[in-house]
Every structure is written in structure tokens, then in C-alpha cells.
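These are the residues of each chain, in order.
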Amino acid sequence: MAVVKLLGAWLSPYCCRVIWALKLKAIPYEYIEEDLSVKSPLLLQCNPVYKRVPVLIHDGKPISESTVILRYIEEIWPQNPLLPSDPYEKAVALFWIKFADDKSPSISKLYRTDGEEQQQAAKECSEMLEIIEEHGLIEGKKFLGGDEINMVDIAFCSVAHWLGVIEEFAGLKILEPHKFPKLSSWIQNFKSVPVIKENLPDSDKMVALLKRRREMLLASKSN
Amino acid sequence: MERGVVLLDFWPSMFGMRTRIALAEKEIKYEYREEDLRNKSDLLLQMNPVHKKIPVLIHNGKPVCESLNQVQYIDEVWNDRAPLLPANTYKRANARFWADFVDKKIYDLGSKIWRTKGEEQEAAKKEFIDCLKLLEGELGDNHYFGGKDFGYVDVALVPFYCWFYAYEQCGNFSIEAECPKLIAWAKRCMQKESVAKSLADQEKIYEFVLHLKKVFGIE
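Chains A and B, in that order, give the protein sequences. Here our numbering is used: position 99 in the first sequence is 99, and no number is missing along the way. Position in the second sequence counted from 1, then plus 1000, gives you our numbering.
Source of the hints: derived by calculation from the structure; they are not laboratory data. Cβ atoms here follow ideal geometry from the backbone N, Cα and C, with glycine treated the same way. Don't take each hint at face value.
[Unchecked claim] With the Cβ distance kept under 8 Å, some of the chain B side facing chain A (calculated, not the full set):
hint, residue
1, Asn1069
2, Phe1097
3, Asp1100
4, Glu1136
[Claimed, not checked] Negatives, chain B to chain A, calculated, CB over 10 Å:
hint, residue
5, Val1005
6, Phe1010
7, Ser1013
8, Phe1015
9, Ala1082
10, Asn1094
11, Tyr1107
12, Trp1114
13, Ala1123
14, Glu1176
15, Lys1214
When you get a sec, could you build the whole thing from the sequences and use the hints?
Shown next, in the form of C-alpha cells:
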């Protein structure tokens, strides 16, 4: 049987995307946790361009960048499809996945910055949420993928989990339920899916690590 | 809304050029509509309400946004001719990876080269050349990024070639001196009718950049 390995980091939403796709399709894999402060020779060899996780290794061949990995997984293991088969519906899904890829970094900026920079990041986040609320979510549908979770829901994982954790410890409130009712509903639905619920990084551990990272980043900025 | 294919575009856009090339490769007849970006049409705003940007491909009244998304859509719908993505799944992932690399790096670095000066410009030039060298490494000794055949990564990258002259003039450097293999590849692509007809004239692009610099107050 072909061997599937995943090089990842427990905190990374991009790695979670891949884990969820593998589990939703019931693909057995070996998980290797990378210490990102001391990157392994395997990681550097498999992803020389970006030197980052996630990297999927299938039959000894590496694939990098989470969206590229998700598309690969979808094509090799078509069971439990995570993308529509209709070319137009697929194009719409891919549009939203790209939107998630382009805009999600504003969420991590929230803990990496302070003052004006953080305010700007909060503004960008809010704009992103407004767009999803207005254009991405269909009234009456539980998920971005419609009645079932799909790759678009997975792509917006940072909104579903990381944003809430960061908001809490940074003392920010961007995703207010009364402002974003459809999005708030979606987050509950998304996190109720068993594969997602059972494979979310622990919030307390996240807060501890992100707090430490934030202190280090802000200290090195002022030096 | 009419049936058929409509492309909302702006002549200097490298992203629009990707879609033009894909349509030409597949010999698809379409209506080209030039947008005035200072006065966007109701159709553009309706078809791309999220970004309000070109290019927008409209097929049978339904919009497809984002240039690489459009290229993949065209390849999938008109799958009986001139395939752009490889048949092999792993090679397809590799093609998507490199097209995504072009998307992540080339536009922003190129923009920095003509928009900035001094240290910032020098840093952008260096990183730009480093990225082109990585692409040269991926190309290897192949005719195209697609191997023997022109393919997805070629479509993603070649439109930037008509902007190289403007970058060189603004940045006072020669891309060919640093990346001769890549320029040879670009010239090879330009021999294809689909590419030659889709790319803008490099002198016109340079004039356009000079105009933008005036408008933005950049020296």
C-alpha cells in the first residue's frame, strides 16, 4: 500500500486543513511534527522553495502548499468528494478557497502586531468577514459547501477557530454574532462536524504559545 | 444575458492575458470587452461583486473570477483540445504549485520595481531575479514548463514578459543578463500565435507605467 506522510505543525491552520481532508476521506497517514525553529533536513529537502509545513509525501514524492495538497488529495482519493464535480460550481468553490488563502493572513497579523498596525489588521479582518457574510454564505445552508462540509469550509478554518482564540487573548472583538449571524451559525456547524471537532488544536495551548510568540515579536520590534 | 463567452478585461493586465492565451489555445470564439477601471461597468460590478476586478470570464451568463481559476475552468470545459494541465496527477500538483508561486511573487515584486527607488527597489530587484532563477531551475532543459508542450505554468508566467521591459527601464537592470534561459523560453512562447496575439506591446506597457507613475506621483 502506498505510504502517506504529513509533515506538520500542530498550531498551523494550513496543516489542519490537510489533516481534516485526509480524515474525511479515511486515508491512513503518518504524521510527523516539525519543530519550526529547527527545520528538519527532510522538510528542507521536500519544500526547498518555502521551507514550511504542511508537506504531504505520497509514495516518496512531496507536495507543498496546503491548497495544492488539498487538490491533490481530492484527485487521488475521490471518495467523499470535497469539491463539486460541475466545472462552474467547482470554479466558484475555488474562487472562495483563493479568497480564504489571500485574506486569512490578516488573522495572524492580529497577534503579531500592536497599535496602528493591529488596528489595520482588524479592519482587514472585518472586511473579509463582511464579504463572507454577504456573498459566501447561502441562506438556509449549513456550510459554505452547501448541505455538506467541503474544501471551502476547510479553507476558512482560520475564521472558524484561530480568529476566536486570538480575539480572546488580544482583547479584540471583531466577529460579533449580531453583526455576523450567518457566519456565527456556520462556525458552530463547522466545529460540530466530528472530524473537525476531534482534530482542533487545543485553545488553551494555542493561547499560551501565541502569547509567547507575540511577546517575542513585539520585543524584537522595539529593539 | 447572452450565451457564449465574454471576457471583461483591461489591455495591460497580465492576468487578463492569461485568460486570453487559454481561450486562444483552445480556439474559443469570445467577445472581448475593454473595461475603464476608473469607471467600472455595471456588468463588471455585478459579475465580480467581491473584488470588482478584471479579468472576469462570463460563460453562458455565469461569471468565473480569478485568472488561474479561469484557465483551469477553460481547460476543463474545453477538454477535447490543447490540454493545459498535465494528465498525471502528481505533475498537475506540481504545475499548480509553480503557477501559485508566480501568483504569490512575481506581480508584487515587479510592482515594487517600478513603484519604488533606492534600497527598497534594490531589494525588490534582487528578490525578483532570485524568483526568476528558481523558475529557470524548474524549467530545466525543457522547451516549456509543460515539458514538450506549452502548458499551465507557461500560461501563468509568460504575460509578465511584456512587462519586463518596463521593469528593466525603471529598475535600470537587464533581466536577460541574469536569466538568459528564461528569456529564451519567453521568446519561444512568443512564437506561438496564442501568446503573440494576447500579450500587449512592451513599449506600450512602458508608456502605461510612466503614465501610472505620473498619476501616483512617483518619480
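Checked hints:
1. Asn1069: Since chain A brings a Cβ to about 5 Å from Asn1069/B, closer than 8 Å, the hint holds.
2. Phe1097: 5 Å, holds
3. Asp1100: It holds, given that the least Cβ distance between Asp1100/B and chain A is near 6 Å, below 8 Å.
4. Glu1136: Interface hint status for Glu1136/B: violated (13 Å vs cutoff 8 Å).
5. Val1005: 13 Å, holds
6. Phe1010: 19 Å, holds
7. Ser1013: 17 Å, holds
8. Phe1015: 12 Å, holds
9. Ala1082: 17 Å, holds
10. Asn1094: 8 Å, violated
11. Tyr1107: 12 Å, holds
12. Trp1114: Given a closest Cβ separation of 22 Å, the condition holds.
13. Ala1123: 19 Å, holds
14. Glu1176: 23 Å, holds
15. Lys1214: 28 Å, holds
The structure does not agree with the numbered hints 4, 10 stated previously, though it agrees with the rest.
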